[in-house]
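Q: Here is how the chains run, residue by residue.
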Amino acid sequence: MNNLTVTSSPHITSPRTTTGIMLDVIIAMVPAMIASFLFFGARALLLIAVCVACCVLSEAAYCLLAKKPVPVGDLSAVVTGVMLAFNLPATLPVWQAVIGSIVTIVVVKQLFGGIGCNFVNPALAGRVIMAVSFTGTMVNYAYPAQAADALSSATPLSVITAGNGAKLPLWDLFAGNHGGVLGETSCLALLIGGLYLILRGVIKPIIPIAYIGSTFIFLALFGCEAPLASILSGGLFLGAFFMATDYTTTPYTNTGKLIFGLGCGLITAVIRTFANSTEGVSYAILLMNLIVPYINGWTRRKPYGTEAAK
Amino acid sequence: MIFLKKPHVSSTRVPHYKNTQDCATEKLLSPKSVTILLSQHIGAPAAACVAKGDHVYVGTLVGKAGGFVSANVHSSVSGTVSGLTELVNPMGAHVQAVIIESDGQFTPNPSIAPPEVSDAKSLVAAIAQSGLVGLGGAGFPTHVKLSIPEGANVDTLIVNAAECEPYITSDYREMVEFPERIIGGVCKVRELLGIKRAVIAVEANKPAAIETLRRLSEGKQIEVIKLPSTYPQGAEKVLITNVTGRVVPAGKLPADAGCLVLNTATVSFIHEYLRTGMPLVSKRLTVDGGAVARGCNLMVPIGTPVREVIEAAGGYSGECAKLLMGGPMMGTALASDEFPILKNNNAILALSPEQVGQLKNNPCIRCGRCIEACPMNLSPAEIQTAFERGDVEEMQALGAMNCIECGSCTFVCPAKRTITQIMRLSKGEIRKAASKK
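Taken in order, these protein sequences are the chains called A and B. Everything in the first sequence is counted per our numbering, starting at 1 for the first residue and increasing by one. Everything in the second sequence is counted per our numbering, starting at 1 for the first residue and increasing by one.
Isolated chain A (complex conformation):
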């Protein structure tokens, strides 16, 4: 009896691990990966593979150089890689995807301390950096061959901005049969993945519901003629289920999550309605990411017994 371990309690832990959570997120993204292949062909899978490989390798390389433990086993770089690829058009040159992946992992994630320390969503920050660096190719959207006439050479959001949103076929928007970046088009596939995450207890429905719901309401208030078509278009479902639910860059408490979701919805609706840009999801989430420390401060629960006595 001399092999007894002596540690501080508790002595049992739940089966949930960081790696398990990341694996669940990867599984949840599979339907959207399949949709991207169906609508944009094999090049979609190529870009996903390139982004994943570059994210994993650049994380490992950075950690080796910085003499930090290599955390690739936690699968978080794989998640970031898929999410970044989901934000790229299928026509993007591979070398640009390589550079985007390296910047995302090294600059946005690792330079700020790695997993759990980044202050904005790495994939979204990577997308924005790429959007300003590769202005032409990042908006060179691919269009599915079988897309409806109205959607064969324009994204739904640009159709809505042009004032023709009421004519858009809603089922095509929901299924994803239109142009856009890889992972955003199929609301159906994203919804399946999102429900999987909710059922597995990985995310709570509060942010997606608050975000999508408030976007709809604010768009309607701002006089958008086709708010329903608008929420089914662009990156809203991808953002609401997969980006705005990233643990590290969103608030801790339910009240905080609600504020975060409503804020994202407001900013998205403002950008889509009033700004010179058709899309606002990336900026909405990134801006809200920045005020998360404040939201956490506002919504921190009072310790038990410190509330004023009744």
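Hints are not guaranteed to be accurate.
Unchecked claim - Facing chain B, from chain A, some residues (calculated, C-beta under 8 Å):
hint, residue
1, Arg16
2, Val30
3, Met33
4, Phe134
5, Pro303
Stated by the list, open to error - List time: in silico DSS-like cross-link candidates among lysine-lysine, alpha-carbon distance up to 30 Å:
hint, chain 1, residue 1, chain 2, residue 2
6, B, Lys32, B, Lys64
7, B, Lys252, B, Lys145
8, B, Lys226, A, Lys204
9, B, Lys226, A, Lys302
10, B, Lys226, A, Lys67
11, B, Lys437, A, Lys302
12, A, Lys68, B, Lys64
13, A, Lys302, B, Lys432
14, B, Lys360, A, Lys68
15, B, Lys32, A, Lys302
16, B, Lys427, B, Lys416
17, B, Lys427, A, Lys302
18, B, Lys360, A, Lys204
19, B, Lys416, A, Lys204
20, B, Lys18, B, Lys360
21, A, Lys67, B, Lys360
22, B, Lys252, A, Lys302
23, B, Lys145, A, Lys302
24, B, Lys416, A, Lys302
Rather than coming from a laboratory, the hints here were simulated on the basis of the structure. This structure is a prediction, so every number in the text was calculated from the model and none was measured. Yeah, the Cβ is synthetic: ideal placement off N, Cα and C, and Gly gets one too.
Once you have looked at the hints, place chain B on chain A.
A: Relative to chain A, chain B alone:
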């Protein structure tokens, strides 16, 4: 959430592992010798009042309480005192102990007689003689709890029968085997202390106990309440809030919320003590875990070495990775199975390597699960970053001192961080800083 009227206490689902719930209590072990610690409670240690060579009976006083917040200690066997010793308890403190060689007869002390109790004062005096401490785990001297301070309006007696720790079924066996003692104890305490409401709070995973207690309490105005089987339902403050809707103010006692909380085994003992006068000398223990041959419930003389308890349960059945005194959420890990059983032990668990949670301190991913789980509404994730920065003021501002060390945060953490341990260290830092001032 703000819109809930009743105060909400967060809880966590932990596995129950109540493997031994149908194992009837087996009779007293007969150890060759017992080692009786003079400090088995919160408060001042007892002072030894026997010397080497003295003959003692079961129930003979061997250590006299060293103050009001302290407790008497009695011999659990009949035999001869072979000496005094000092050993290191699992908390790292050096404590005195009396070693008694048993004659195997278990002859009770002939001078033992039921105490005469007629009011609150005589009840407190009698219980102070009995050496009773809170048997749920904390080991707070019971006579101190029963001495309700002048001016406090205690109107609710709560019997803590939640037994929310995984594996442990010793309180459950008490409820199933001796329900009349529990009911009798409740009636006695309520009557003598003049408390209006009496509640026995049981977790929903013990339907047989609830049914039995309800049947026996009919007409006695005792409520038997079924609570959800969530962890930590049996933590004193959690229980008070879930039973009465009241909140114990931070840094205050249950009496400040009008409640007196006693553990099932404590109430049962009070009943037996008032009937027989036999002090606290033995304890019902659950022995379980993957490294034990036969999970069981045993009645064990206090001071029996853990090794003999495991032997009585068929010995070790495989590699024992951790030997625990108490449950897996709040129990203490032992470094050796030579350590003796204490008054407030309710389980000995020998966990196999695969049953033990592996803590790795991977980076925090800020998922907020610890915050959601914390029954004290703390923010363990933020307290640990304050701790890493050495920011004592921030740790205090975040309310680290309110931590009850229930272990929920570490249990739910997907990064397998030792959050509860960091909370303990934070409390230590705050105390250190306060004592410097």
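Q: Please flag the earlier hints that this structure goes against, numbers listed from lowest up.
A: Checked against the structure, the hints that fail are numbers 2, 3, 4, 10, 12, 15, while the rest are satisfied.
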